[in-house]
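A.B. asks: Residue numbers (our numbering), protein chains in the order written: chain A, 2 to 118; chain B, 38 to 742.
No lab work stands behind these hints, which were simulated from the structure alone.
Each hint should be verified, as a subset may be incorrect.
[Claimed, not checked] Distance condition first, Cα-Cα at most 25 Å in a straight line; then the derived SDA-like pairs of lysine to any residue:
#	chain 1	residue 1	chain 2	residue 2
1	B	K430	B	A356
2	B	K128	B	L269
3	B	K591	B	K660
4	A	K31	B	E373
5	B	K591	A	F23
6	B	K591	A	E107
7	A	K90	B	R653
8	B	K599	B	V505
9	B	K253	B	V466
10	A	K102	B	P595
11	B	K600	A	F101
[As the list claims (entries may be wrong)] From the structure, some residues in chain A lie toward chain B, with a derived Cβ separation under 8 Å:
#	residue
12	G22
13	L26
14	S59
15	G63
16	V64
17	M66
18	G67
19	E70
20	L94
21	L95
22	G96
23	A99
24	L100
[Claimed, not checked] Have a look at the derived ranges for each label pair, beta carbon to beta carbon:
#	chain 1	residue 1	chain 2	residue 2	range
25	B	D611	A	P30	23 to 33 Å
26	A	K90	B	N739	25 to 35 Å
27	A	P30	B	R252	24 to 34 Å
These figures come from a predicted structure and were not determined experimentally.
For each residue, glycine too, the CB sits at the ideal point set by N, CA and C.
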Amino acid sequence: MSGFTVERSDKDDISVLYISGFLDLHTVPKFEEAVQNLVNETHFKIIVNFQKLDYISSAGLGVFMGFIEEIREQEGDIVLCCMSDRVYKVFDLLGFPALFKIVSNEEEAMQKFNSAG
Amino acid sequence: MKRFNLRSYLPIILILIISLIAFIFDVLKFYSSVDIQSWSYIHESLAFINMVVYYLYLRKRPLFKETDVKTIIKNFGVLLAALYILVLLNKQFLSGDFSGGAFPLEPDNISSLVYANSMSLIAILFFIPMLLLIRNLITYKYKKRTKLYLTGAVGLTVFLMAWTAVFKIAPDISFDFSLNDTNSILTLISNSVFMLSLLFFFILSTHTSWVTHLRKREKASFFILSAILIWLIIYIYGFAFDQAVPAHSIALGIFTNSAWLFLTFYSTMAGLNLMMHLPTARIFDRKMNEISSLHDLSRAISVDTDFHSIVHLVIEMSADVLETNFTWLEVYNQEEQTSKVTASNRLTQREIAALSKHSNHFINNQIYSEKKVVVINEFTKDSPYQQIKFWKKEIESLAGVPIIGSDGNLFGILYTAKTKRYGFDPDDVNLLEAYANQAAIAFENAELMAKSLERERMEQELQIAREVQMRLLPQDTADVPGLQVETLTITAYEVGGDYYDFYSISDRGLGLIIGDVSGKGTSAAFYMAETKGIILSLAESLTRPAEILKKANKILYPSMEKKAFISMLAARWDADTKILHFARAGHCPVIHYASASKNTILLQPPGLAIGLDEGRIFDQILKETEHQTAAGDILAFYTDGLSEARNKNDEEFGEQRLCDVIRENAHLDAEALKQAIIDTILSFLDGQALHDDLTLVLLKINDLK
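Go ahead and model the full structure; you've got the sequences and the hints to work with.
C.D. replies: Here you go:
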């Protein structure tokens, strides 16, 4: 199937992960590793940009659940942005908007951190 | 037992008796001065018979068939030494004076007569086994005409023995004769035969191929030994046999002379050959070791599948054959980009640990990037490889060979190091590469083995998961008056964790649970089992779908992995009111086809999947809704395996297609509708395999009550 890539860019203390392609059971380890690296480096303010993501499976959603608790304990957060309707539908179906901040663009995501202090 | 012994000694006794007869004959002749021609022929015949009997006796001895070069040479040496001892003893007690001037000489007195007899016996007893031993050396490797030369040499010697015994002309190579003289012609014949036999002896002397296959050390020690042997052999004839044996028997004298000449030839040639082989002995040894070690290795690889024992064998052999001081093998980890020492020779634990820690040393990186051999024959002060000296200062030369698999991927590096400079020539490197290739095969075998084991394990797990899933799903569809119920489950290759169940089935309606566990395989099957147990026990006491889901979330949340969750939908349809009560915990919406409007709508009340939150947010968000249905209406519950089923072009089946097919086939009964949906999905997939389980539950409210 199609591949998956993740790129990282740090802006001050906020790290943005740009993900693209297919995030499913087979590509999840790659994404997990990227998030794990951020946590290891004590980067707890994370934005995940979904702009180029074509598909996400339930296993892909599991990654966020796997880390969110630890990150929030460290007063960080994961903010999700720039989702296509198709991807948002998956998040919405499972009720994720109640658990995560999902915004439409990166600036807004930045503000979520800045306003939170 | 005793009889048997006697029989085996019979030939020896016979030889002694014959020798005794010959001796008596000699004594009689000495004292009587009667010379009868025919008697001398009998005497010669007796000597000849003695030799034949002794030869036949030896045929049955292990010596006759000995093929081991070392044993042959040892036996030869022992025989020669014993020969000297006996000859010396003989000389000590008897006088060996002969006179007469002409050939053959006559014994001077009774003492020299005894001396001649005993020497002759000694000549037979020792030369024949010595010749047999040499014959075994010659036949170490049969060449085209070896047999011919052997037969020729023996035949000519026997002929010469008989000829000389009859005509009493000593053969020589002077060719001093005139054609008119009969005697001269006889001499010519005997000399020619003698010359020819010498030629055969010489040819046979070149049959020393056994020398080639000796080890280096054996070659050296045998060379020294051969020098002594040659001297002893050359000396023995003049020392012991020259006059004494012909004085006893002419035939025997010829035999002794020929045998001595041959032994001298052969030992000289063998000694020369040994000497010539000395400079190349080391290289020859190396090549032999190389061949045998590679042979052993490839055999080990084909028989032994244990990766570690093969790696150790590779290490041992390269250390052995290349005579290196330190050898080790670093295994490369592709993902971590590190290497680890898995086997080593003469390295301490601390040194290994230090190597593994600094595995990204310069040489490793060079080999990894270039995939080529690195040979360092000298560590100069400014050498970029200096750091290896910091690790182990004894190392003066080093070679590292990449272990590369058939598809070009790198498994590791085989390192060897020596404590002397210039320890590795191109030959050594070639051999190291051969070892590395063998190691690569072992690596590949191990990898294939691991893969097939892993696959087998996964297959087994999947089988278990499938069985669990099939047992968990209801075996019969619910039977409720006024309602048609149809279910469909298509499982994917990897079990997807789809689940549905009915509860509280009665004339008044039924309860339905449909869910999808995140993840796949055994873990999904495990959560399914847990969920089923909990839901069924909750449904005993609780009737409202939202309550069942809330309670299920509270119970399941603590026992679930952080990453895992379950989307679930609980519904209850009331037969009297035809009202559908349901709550959706992150599950796919319900499709409702209303027969009045002939339209489908998606019912998607808010709700969070089970296992994401301990209950606070879950309970707050989850909303239970009511929905009025009517006769002819259809309710479809499904999992995302259906809506997300993808075809070759990566298109999703989607809710819209499902709604369309329901609407278009709403007039059919539930069973026919299900078939229509299956047909639509199958034609959509067009042979493409499902990547997730697919579940569909259809409820059709009957028109007529």
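A.B. asks: For every hint, state whether the structure bears it out.
C.D. replies: Cross-check of the supplied hints:
A C-alpha spacing of about 19 Å is found between B/K430 and B/A356, which places the hinted pair at or below 25 Å, so the restraint holds. For a cut-off of 25 Å, the pair hint linking B/K128 to B/L269 stands: about 17 Å separates their Cα positions. Of the pairs offered as hints, the one joining B/K591 and B/K660 holds, with about 16 Å between alpha carbons and a cut-off of 25 Å not exceeded. A C-alpha spacing of about 14 Å is found between A/K31 and B/E373, which places the hinted pair at or below 25 Å, so the restraint holds.
Only pairs whose Cα atoms come within 25 Å are accepted, and B/K591 paired with A/F23 is rejected, the gap being roughly 32 Å. Only pairs whose Cα atoms come within 25 Å are accepted, and B/K591 paired with A/E107 is rejected, the gap being roughly 35 Å. Between A/K90 and B/R653 the alpha-carbon distance is near 23 Å, which keeps this suggested pair within the 25 Å criterion. Simply put, B/K599 and B/V505 have alpha-carbon atoms about 23 Å apart, close enough for the 25 Å limit, and the pair holds.
The hinted pair formed by B/K253 and B/V466 meets the criterion: a straight-line CA distance of about 22 Å does not exceed 25 Å. Straight-line distance between C-alpha atoms of A/K102 and B/P595 comes to about 24 Å, which keeps the hinted pair within the 25 Å bound. Taken as a hint, the B/K600 and A/F101 pair is honoured in the structure, with Cα atoms around 15 Å apart against an allowance of 25 Å. A cut of 8 Å between beta carbons decides the hint on A/G22: the least distance to chain B is about 12 Å, and the hint is violated.
For A/L26, the interface hint holds, since its Cβ comes within 8 Å of a Cβ in chain B; the closest pair sits about 6 Å apart. A cut of 8 Å between beta carbons decides the hint on A/S59: the least distance to chain B is about 4 Å, and the hint holds. At about 4 Å, the closest approach between the beta carbon of A/G63 and any beta carbon in chain B falls short of 8 Å, and the interface hint on this residue holds. Of the supplied interface hints, the one on A/V64 holds, with its beta-carbon coming within about 7 Å of a beta-carbon of chain B, less than 8 Å.
Interface restraint check: A/M66 against chain B, minimum CB-CB distance 5 Å, threshold 8 Å, status holds. The interface hint given for A/G67 is met, as the beta carbon of that residue sits about 4 Å from the closest beta carbon of chain B, less than 8 Å. Interface hint status for A/E70: upheld, as the beta-carbon distance to the closest one in chain B is roughly 7 Å, under 8 Å. Against a cut-off of 8 Å between C-beta atoms, the interface hint on A/L94 holds, since the closest Cβ of chain B lies about 6 Å away.
Contact between A/L95 and chain B, as hinted, is supported at the beta carbon level, the nearest pair being about 4 Å apart and thus within 8 Å. About 3 Å separates the beta-carbon of A/G96 from the nearest beta-carbon of chain B, less than 8 Å, and the hint is met. For A/A99, the suggested interface contact is upheld, since its CB lies about 5 Å from the closest CB of chain B, less than 8 Å. Interface restraint check for A/L100: the shortest CB-CB distance to chain B comes to about 6 Å, inside 8 Å, so the restraint holds.
Range check, B/D611 to A/P30: Cβ separation about 47 Å, and the 23 to 33 Å hint is violated. The given range of 25 to 35 Å is respected by A/K90 and B/N739, whose C-beta atoms sit roughly 34 Å from each other. A/P30 and B/R252 have their C-beta atoms about 56 Å apart, which leaves the hinted 24 to 34 Å range violated.
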